[in-house]
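Residue numbers (the numbering used here), protein chains in the order written: chain B, 1 to 270; chain F, 1001 to 1196.
Hints were generated in silico from the structure; no laboratory data involved. Positions of the beta carbon are idealized from the N, C-alpha and C atoms, including for glycine. Just to be clear, a hint being listed does not mean it is correct.
To be verified - Selected chain B positions facing chain F (Cβ under 8 Å, derived; list incomplete):
hint, residue
1, Y48
2, D207
3, S210
As the list claims (entries may be wrong) - Here are the in silico distance ranges between beta carbons for each label pair:
hint, chain 1, residue 1, chain 2, residue 2, range
4, F, T1042, B, E85, 22 to 30 Å
5, B, Y174, F, V1075, 45 to 53 Å
6, B, E85, F, A1056, 41 to 49 Å
As the list claims (entries may be wrong) - Below, computed lysine-lysine pairings styled on DSS-like, alpha-carbon distance capped at 27 Å:
hint, chain 1, residue 1, chain 2, residue 2
7, F, K1149, B, K267
8, B, K270, F, K1151
9, B, K267, F, K1151
10, B, K267, F, K1154
11, F, K1154, B, K270
12, F, K1152, B, K267
13, B, K270, F, K1152
14, F, K1149, B, K259
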Amino acid sequence: MNTGCLQANDRRIMNDRIVQLLLVLWTTASTAFAAPVDDMVLLPGGAYTPLYLENEKAVDLKDRSTPIESFWLDRFPVTNRQYLEFVTKHPEWKRSQVKRLFADTSYLQHWSGDSAIQQANELDSPVTNVSWFSASAYCESRGERLPTTDEWEYALADNGRDAKEIQKHALDWYAVPNAALPNVGSGSANGYGIYDLVGSIWEWTLDFNSFMASSDPRDSGEKNLFCGGGSLNTSDPRDYAAFMRYSYRSSLLGSFTGKSLGFRCAKDAK
Amino acid sequence: MKNIWANGWMLLFLTLPISAYAHTHQDMSADDHQSESLFNITDTWTTIDEKPLHLADLNTGPTVIAMIYTSCQDVCPLIVEDMKKIERRLTGAQADTVHFAVFSMDPDRDTIKKLKDYARAHGIDSSRWIVARSAPEAVRRLAVAIGMKYKKLKSGDFEHSKLISIMDQNGVIQYQQSDIGLDGQSAANAIIHLQH
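Go ahead and model the full structure; you've got the sequences and the hints to work with.
Laid out in structure tokens, this is it:
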């Protein structure tokens, strides 16, 4: 009997130790995976299943997942303040000097001048009315790049945490008209410590031009994902929010700018 | 009837971006013109003669542009064939001022040697033709600038638009055709128009 008690105690102590050990491991792991450096977060590598699938035959579900290598991602979208510093250093990206090839006429139209922002309270809200070329140039000036679409979606998917909540949050946001943009970081961070992926602005991705949408939905042999049966080719037909993001990206051209379209930067972990 | 409508819509769709250019073209100052020029892209490409190439070097006449990759089985040879079709519709004198530029979208696999072999195999190694490669960033920038979509698949192949663009000697795209069979004559006409 005594022996039994001792064993039970031992087991409890063991369990406590395991819990402690796990806590230590968890803390170490989470700092390793989400250590802030220059306001960037290191996301662990993993796998992600894109909404739109490759145009290849007979892919089984396992093959559909896309490996994502560990990468750094900005904790927040780039702000007006940060972008202002950038155009000051790189005047070729000022509103008055930018080439039409790189940005359309709405580029930075919410600013009051070449180097001035009308509303002081806009300084820390996400910069918008920027083109893919200008966003890329900003990231390159930091020795970084835009995140790929897969990386961006992977960050949003948040390792499966609250998947339904994320979809709902995104849809609720897509459904309301544009409001004034809040400061970055006003929302709550996801499990990786990333803010504002949805709920504030749409964001450029490095390969926004990679989604193939045929000009003619009757082209056969291609997975054109529009109405009705087309959506059966998606990895998750219920994820209408993701569908909207992919459609939106595919409608863009590199010089386009929009009052709800901003960006954040990424870089390789290596 | 149905087909006529379908073609009509497709033509409308395809010509829209171009008519947008044409429309603004008339009241465009020289500065504006230069502002939307592809020559603003300063990336360095390497030709199969192993010489550096900047887009702005293509300023002596119209340039027919396409992006391909050499291991492409289906679409890319057709794109090159379409470009040759345009070349054939021009007289020798007309064609001599035109560049036919083929840019690789596959920096990982398309080495200079592979591109050289490809050019020889497809008979596009004459002085009118340019076949070049560059870094992934440069490839992406050019693709985005001409509105070409592409995605690398896990197999290493690409899903991509079948797009042929013609830019004038100032680097401004004046004509584009995508996806449906290229009308060689209208492309040739566009070139002849640019030469006058």
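Hint by hint, here is what the structure shows:
The interface hint given for Y48/B is broken, as the beta carbon of that residue sits about 13 Å from the closest beta carbon of chain F, more than 8 Å. The beta carbon of D207/B comes within 7 Å of a beta carbon in chain F, closer than 8 Å, and the hint placing it at the interface holds. A cut of 8 Å between beta carbons decides the hint on S210/B: the least distance to chain F is about 4 Å, and the hint holds. For T1042/F paired with E85/B, a C-beta distance near 23 Å keeps the hint of 22 to 30 Å intact.
Restraint check, Y174/B to V1075/F: a C-beta distance of roughly 34 Å breaks the suggested window 45 to 53 Å. Distance hint check for E85/B and A1056/F: the Cβ-Cβ separation is about 30 Å, which falls outside the suggested range of 41 to 49 Å. At most 27 Å may separate the alpha-carbon atoms for a hinted pair to count; K1149/F and K267/B meet this at roughly 23 Å. For the hint pairing K270/B with K1151/F, the CA-to-CA distance comes to about 23 Å; that is within 27 Å, so the pair holds.
Simply put, K267/B and K1151/F have alpha-carbon atoms about 20 Å apart, close enough for the 27 Å limit, and the pair holds. Distance check on the hinted pair: K267/B and K1154/F sit about 21 Å apart at the alpha-carbon level, within 27 Å; holds. The hinted pair formed by K1154/F and K270/B meets the criterion: a straight-line CA distance of about 21 Å does not exceed 27 Å. Taking the CA atoms of K1152/F and K267/B, the gap is near 19 Å; set against the 27 Å cutoff, the hint holds.
A distance of roughly 21 Å separates the Cα atoms of K270/B and K1152/F; the hinted pair therefore holds under the 27 Å criterion. With a C-alpha separation of about 24 Å, the suggested pairing of K1149/F with K259/B holds against the 27 Å cut-off.
Hint compliance for this structure: hints 1, 5, 6 are broken, all remaining hints hold.
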